[in-house]
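Q: In order, the protein sequence lines correspond to chains A and B. For what it's worth, the working numbering labels the leading residue of the first sequence as 1, then goes sequentially. For what it's worth, the working numbering labels the leading residue of the second sequence as 458, then goes sequentially.
Be careful, since some hints might not be right.
[Unchecked claim] No farther apart than 25 Å at their CA atoms in a straight line, the calculated lysine to any residue pairs in the SDA-like style are these:
hint	chain 1	residue 1	chain 2	residue 2
1	A	Lys354	B	Gln552
2	B	Lys610	A	Arg286
3	B	Lys606	A	Met279
4	A	Lys261	A	Ile126
5	B	Lys606	A	Ile401
6	A	Lys179	A	Ala157
7	B	Lys610	A	Pro374
8	A	Lys353	B	Phe548
9	A	Lys135	A	Glu343
10	B	Lys610	A	Leu276
11	B	Lys553	A	Thr427
12	B	Lys817	B	Ala867
13	A	Lys353	B	Leu609
14	B	Lys610	A	Leu433
15	B	Lys610	A	Thr420
16	B	Lys520	A	Pro456
17	A	Lys354	B	Arg605
18	B	Lys606	A	Glu343
19	B	Lys520	A	Ala391
20	B	Lys606	A	Leu272
21	B	Lys610	A	Tyr409
22	A	Lys336	A	Leu433
23	B	Lys812	B	Tyr872
24	B	Lys606	A	Val9
25	B	Lys553	A	Ala421
26	B	Lys553	A	Ser346
27	A	Lys280	B	Ile590
28	A	Lys354	B	Lys478
29	B	Lys817	B	Glu797
30	A	Lys353	B	Ile590
31	A	Lys354	B	Leu475
32	B	Lys606	A	Thr420
33	A	Lys147	A	Tyr129
34	A	Lys261	A	Phe215
35	A	Lys21	A	Arg86
36	A	Lys353	B	Ile598
37	A	Lys354	B	Leu474
38	A	Lys354	B	Leu609
Since the hints were made in silico from the structure, they are not lab data.
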Amino acid sequence: MNALIFTSVLGIILLYLGLTKNKKILAPVAIVGLMVVLFLSLKDWGLGFSFFHDMILIDNFSIAFNVSMIIITILIFLFGFDYYKRMELHVAEQYALMIFALVGAFLMTSFSNLIMLFLGIEILSIPLYVLAGGKKASFRSNEASFKYFMLGSFATAFFLFGIALVYGASASFYLPEIKTYISQFNGDLPPMLLVGLLFIVIGVAFKVAVAPFHFWSPDVYEGSPTLVTAFMATVVKTAGFAAFYRLLGMGLLPLPEPIEKALWVMTGLSLLIGNLVAMKQGNFKRLLAYSAIAHSGFVMLAMLSQHDSAASVLLYYTFVYSLATVPLFIIFILIKRASNGLEHISAFQGLYKKKPWLAVVLTILLMSMAGIPPTAGFMAKYQVFILSISAGYLGISIFAILMAVVGIYYYFNVVREAFTARDHLETIEITWLNAALILVCSAAVIVMGIVVWNLPI
Amino acid sequence: MLLFLLFIPFVTGLFLLLLRKDACVRITALASSFVSLAITLVLAFSESAPVFSIDWIYFLGIKFSLGFDGTSMIMLLLTNFLFPFILLAGFKEEQKRASILYALILFTQSALIGVFLAQDAFQFYVFWELTLIPLYFILLIWGGAERRKITLKFFIYTLTGSLFLLFGIIYLYQLTPGTHTTDFSAFSQLNLPVNTQIWLFWVLFIAFAIKMPVFPFHTWQPPTYTMASTQGVMILAGVMTKMGIYGALRFLFPAVPQGVLFWQNTVIILSLIGVVYASVIAFRQTNLKRLIAFSSMAHISLMVAAMFVLNYYSLQGLLFQVLSHGITIVALFYMVYIIEQRTGTLELPLMGGIKTFAPKKAIMFLLVVLGSIALPLTAGFVGEFLIITGFFQHSIWFALGGGITMILGAIYMLYAYQRIMLGENKNGLQNLTDLQSFDYWYLIPLILVIFCLGIYPQPVFDLLEQSVKTMQNQLMPNLPF
Chain A
1 MNALIFTSVL GIILLYLGLT KNKKILAPVA IVGLMVVLFL SLKDWGLGFS
51 FFHDMILIDN FSIAFNVSMI IITILIFLFG FDYYKRMELH VAEQYALMIF
101 ALVGAFLMTS FSNLIMLFLG IEILSIPLYV LAGGKKASFR SNEASFKYFM
151 LGSFATAFFL FGIALVYGAS ASFYLPEIKT YISQFNGDLP PMLLVGLLFI
201 VIGVAFKVAV APFHFWSPDV YEGSPTLVTA FMATVVKTAG FAAFYRLLGM
251 GLLPLPEPIE KALWVMTGLS LLIGNLVAMK QGNFKRLLAY SAIAHSGFVM
301 LAMLSQHDSA ASVLLYYTFV YSLATVPLFI IFILIKRASN GLEHISAFQG
351 LYKKKPWLAV VLTILLMSMA GIPPTAGFMA KYQVFILSIS AGYLGISIFA
401 ILMAVVGIYY YFNVVREAFT ARDHLETIEI TWLNAALILV CSAAVIVMGI
451 VVWNLPI
Chain B
458 MLLFLLFIPF VTGLFLLLLR KDACVRITAL ASSFVSLAIT LVLAFSESAP
508 VFSIDWIYFL GIKFSLGFDG TSMIMLLLTN FLFPFILLAG FKEEQKRASI
558 LYALILFTQS ALIGVFLAQD AFQFYVFWEL TLIPLYFILL IWGGAERRKI
608 TLKFFIYTLT GSLFLLFGII YLYQLTPGTH TTDFSAFSQL NLPVNTQIWL
658 FWVLFIAFAI KMPVFPFHTW QPPTYTMAST QGVMILAGVM TKMGIYGALR
708 FLFPAVPQGV LFWQNTVIIL SLIGVVYASV IAFRQTNLKR LIAFSSMAHI
758 SLMVAAMFVL NYYSLQGLLF QVLSHGITIV ALFYMVYIIE QRTGTLELPL
808 MGGIKTFAPK KAIMFLLVVL GSIALPLTAG FVGEFLIITG FFQHSIWFAL
858 GGGITMILGA IYMLYAYQRI MLGENKNGLQ NLTDLQSFDY WYLIPLILVI
908 FCLGIYPQPV FDLLEQSVKT MQNQLMPNLP F
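Pulled out of the complex, with its shape left as it was, chain A reads as follows (with noise of 0.2 Å):
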């Protein structure tokens, strides 16, 4: 609870800090903000609280999942010293908006209660729309903000109706309620109640982007700042799924028929849809918009396998994940900047002449999102496979490996540009603090591949 607090003061604090025009203390504040918030969180590790009549329930699940995030946004912002650098207005507000996300993000991690989840997701939200539209002058960035936050406020609308539906069936909001309430049925709901869950799903499943509710995510992750979208891609993917999997795995088990099947044809849609589509972009950031979409497929295979662990297969997975997109991302950055704003895939070639470390860790990270050892993204994967295989879902699972086959593919690809000649390229210009943060990261996508953990949430 102090952390939620916390945070939000940080956020306020970040926001005056800004009528001081001194950008350069922006980060370094939201840094240590966010190292103490880091420390709060895990002061609660194992005491498990619960506030405001049990609607927030902070367990190990939640600051597992949070502290994840925050580990991440940190990241963030420490690229953010040089990125923000060239930018002369709004700055604290970008910052003072990432942190409200957080904010979001942790109740989405530890409600108890639907209401809670409402408000976690519109906390996420908002500032999401803005943050979109960072690029005031630049007609995509409008673009992205204004259809993120048409599609959004739609889902949001689903949202609300499913949760006015549960509740009109139920007379909770609840979920333990709720789950006592379906459990007296024995599978057969009443079509109220069914709809209702129907329509909360779909309002989580749209912020996650998992098909066939991810037609928002290429343009928004194209639009955005790209600071931004490699936010919108690890933190709120995360704080998505950890939603998700509280709302199914943890509050709604054993999971309606209806909706079990449902969310097997989101799986298999993201799978599918996801890979395909990425194999023929030529923008890197929609390749990587569309494939986080196939990694949701993967990451929905775990936590229909109902198993105890998939939980914390899903924190590795989501976690993994994050730690090789933001580096992805800011490498992209700097191609781009060298490349005169040259967004395809193509503007990689050349690199492993100018720049060979970088070329190899950009293999690396490729290599941990297509799943291959020794990266931790292979041990991801395999986790998923494990489970899902334990619980005898052979069908799925083929087609899974198929799926993972056809992304080897379009990441390979980017290798391929990478290792291919070019001559005229500018000069990759990278500060010190970028190539260790990139170094550190690649370096922990290695370690975390082959010391692999299991912590019990």
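Given chain A's structure and the hints, the job is docking chain B onto it.
A: Coordinates of chain B only, in the frame set by chain A:
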């Protein structure tokens, strides 16, 4: 000891990246490969077989355990014997970014040793994939024309197979009793239902079938071989294909013996189709490298058939042939390299009459070709003889089919030899030089080994005796040996 064996190439590879001078890089790499070879020889002739085992990822039942038996030893001997030659094959030319190239080659070696030492299926899989990564870059950066497209195809193709293998490993893993484990020894005690074994066989086999390659999973091979640099193709043809055979022996026999029996004839027939198919195509090739690619495929297909005949002779023959084919093919590709270097072409119609200018080269090439077509006194003969003997015990028709390889192999290899070395002189080949002393020192050890193994193969059989018996025992309840 085993850890040293595994990590020496890797650590040396890292060290190479720091070196600037090409000469230093080469000497260091070569020295490291000789150390590996020495350790392997010591292990091969020592009485005890050391093991190393620690928990790796305990909650997933994964161990990091190294060990070897006769089969792995053959593979280790082959790998570590060939790698000095693979390194040496690049010494005659200036190479761009030599330090990276040699580091990558050593990384491949390390990963290969890891594959052959692994006693845990997960560990096996990790090393199996790891072999591919450095090789991918060797092919991508130092390959020939159209390498970008071909390399990606090769990469995707083999990874597809690997992922199926991964599925198989996980499937077996979650069936192991108690706290699950990926230990090989646990897999051999599973006694799965026959129906499961029948489908699981293909899930496991496809990875190996692609790597070897078995007809119809071979389409990646000819273009990759043709495009690859000499060193790349030596790794591929000399060692990588054997990795497929090794994997099949490690996984299929212990885990799905009934599946092996069920699909036995199907795989043998596919392999024999592969033999004839590859031989016929090899005969029609005009590019020397492609020709050898197809001839290699024919030989490997015969080995696969031998594996599935499942008797004592064919298994002995198979493992012996692994050794002899690996050595012969490296010698062959070195000859190809020399010919390409001197004549500037690999197209057979443009060559001819090289013998008149380079008689020593012609003789050396002849010796290698004879080894490849399994003439008596060469190692190839011993292997193929045993394999055919094994076929006879199974069925006379398979023996006939297998026998065709030897004949067809002789036809296309000798025909190619004739077109390159004998006959009319072609334009532009007048100022050829003969072998240099470096080439002698390169080829003579290889040829010596080919003939020594052909004349006195007994030590190899002694080494193999025990592990072939084990493999038989795994199938014993099902087979009248």
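Q: Could you run down the list of hints and mark each one as holding or not?
A: Here is what the structure says about each hint:
A distance of roughly 19 Å separates the Cα atoms of A/Lys354 and B/Gln552; the hinted pair therefore holds under the 25 Å criterion. In summary, the hint linking B/Lys610 to A/Arg286 is supported, as the alpha carbons are separated by about 24 Å, within the 25 Å threshold. About 15 Å separates the Cα atoms of B/Lys606 and A/Met279, which keeps this hinted pair within 25 Å; it holds. The hinted pair formed by A/Lys261 and A/Ile126 fails the criterion: a straight-line CA distance of about 31 Å is larger than 25 Å.
About 23 Å separates the Cα atoms of B/Lys606 and A/Ile401, which keeps this hinted pair within 25 Å; it holds. For a cut-off of 25 Å, the pair hint linking A/Lys179 to A/Ala157 stands: about 23 Å separates their Cα positions. The straight-line distance between the Cα atoms of B/Lys610 and A/Pro374 is roughly 22 Å, inside the 25 Å bound, and the hint therefore holds. Taking the CA atoms of A/Lys353 and B/Phe548, the gap is about 24 Å. The hint holds against a cut of 25 Å.
Between the alpha carbons of A/Lys135 and A/Glu343 the distance comes to roughly 16 Å, so the proposed pair stays at or under 25 Å and holds. Straight-line distance between C-alpha atoms of B/Lys610 and A/Leu276 comes to about 17 Å, which keeps the hinted pair within the 25 Å bound. For the suggested pair B/Lys553 and A/Thr427, the alpha carbons sit about 22 Å apart, so the restraint of at most 25 Å is met. Distance check on the hinted pair: B/Lys817 and B/Ala867 sit about 21 Å apart at the alpha-carbon level, within 25 Å; holds.
A hinted pair counts as satisfied when its Cα atoms are at most 25 Å apart, and A/Lys353 with B/Leu609 qualifies at roughly 20 Å. Taking the CA atoms of B/Lys610 and A/Leu433, the gap is about 37 Å. The hint is violated against a cut of 25 Å. Among the hinted pairs, B/Lys610 with A/Thr420 is consistent with the structure: their alpha-carbon atoms are about 16 Å apart, no more than 25 Å. Our distance criterion of 25 Å between C-alpha atoms is met by B/Lys520 and A/Pro456, whose separation comes to about 21 Å.
Restraint check: the Cα-Cα separation between A/Lys354 and B/Arg605 comes to about 19 Å, which is no more than 25 Å; the hinted pair holds. A distance of roughly 22 Å separates the Cα atoms of B/Lys606 and A/Glu343; the hinted pair therefore holds under the 25 Å criterion. Restraint check for B/Lys520 and A/Ala391: satisfied, since their Cα atoms lie roughly 23 Å apart, inside the 25 Å limit. In summary, the hint linking B/Lys606 to A/Leu272 is supported, as the alpha carbons are separated by about 24 Å, within the 25 Å threshold.
With a C-alpha separation of about 9 Å, the suggested pairing of B/Lys610 with A/Tyr409 holds against the 25 Å cut-off. Annotation: proposed proximity of A/Lys336 to A/Leu433 holds, straight-line Cα distance about 18 Å (limit 25 Å). Restraint check for B/Lys812 and B/Tyr872: satisfied, since their Cα atoms lie roughly 15 Å apart, inside the 25 Å limit. A distance of roughly 54 Å separates the Cα atoms of B/Lys606 and A/Val9; the hinted pair therefore is violated under the 25 Å criterion.
With a CA separation close to 13 Å, the supplied pair B/Lys553 and A/Ala421 stays within the 25 Å bound. Taking the CA atoms of B/Lys553 and A/Ser346, the gap is about 24 Å. The hint holds against a cut of 25 Å. A C-alpha spacing of about 24 Å is found between A/Lys280 and B/Ile590, which places the hinted pair at or below 25 Å, so the restraint holds. Taken as a hint, the A/Lys354 and B/Lys478 pair is honoured in the structure, with Cα atoms around 20 Å apart against an allowance of 25 Å.
In summary, the hint linking B/Lys817 to B/Glu797 is supported, as the alpha carbons are separated by about 16 Å, within the 25 Å threshold. In summary, the hint linking A/Lys353 to B/Ile590 is supported, as the alpha carbons are separated by about 19 Å, within the 25 Å threshold. Note on A/Lys354 and B/Leu475: the hinted pairing holds, with a Cα-Cα distance of about 18 Å set against a maximum of 25 Å. Using a Cα cut-off of 25 Å, the hinted pair B/Lys606 and A/Thr420 holds, with the two alpha carbons roughly 12 Å apart.
At most 25 Å may separate the alpha-carbon atoms for a hinted pair to count; A/Lys147 and A/Tyr129 meet this at roughly 9 Å. Restraint check for A/Lys261 and A/Phe215: the C-alpha separation of about 21 Å stays at or below 25 Å, so the hint holds. With a C-alpha separation of about 14 Å, the suggested pair A/Lys21 and A/Arg86 falls inside the 25 Å cut-off, and the hint holds. A hinted pair counts as satisfied when its Cα atoms are at most 25 Å apart, and A/Lys353 with B/Ile598 qualifies at roughly 11 Å.
For the given pair, A/Lys354 sits about 17 Å from B/Leu474 by alpha-carbon distance, which is consistent with the 25 Å threshold. Restraint check for A/Lys354 and B/Leu609: the C-alpha separation of about 23 Å stays at or below 25 Å, so the hint holds.
When each numbered hint is compared with the structure, violations occur for hints 4, 14, 24.
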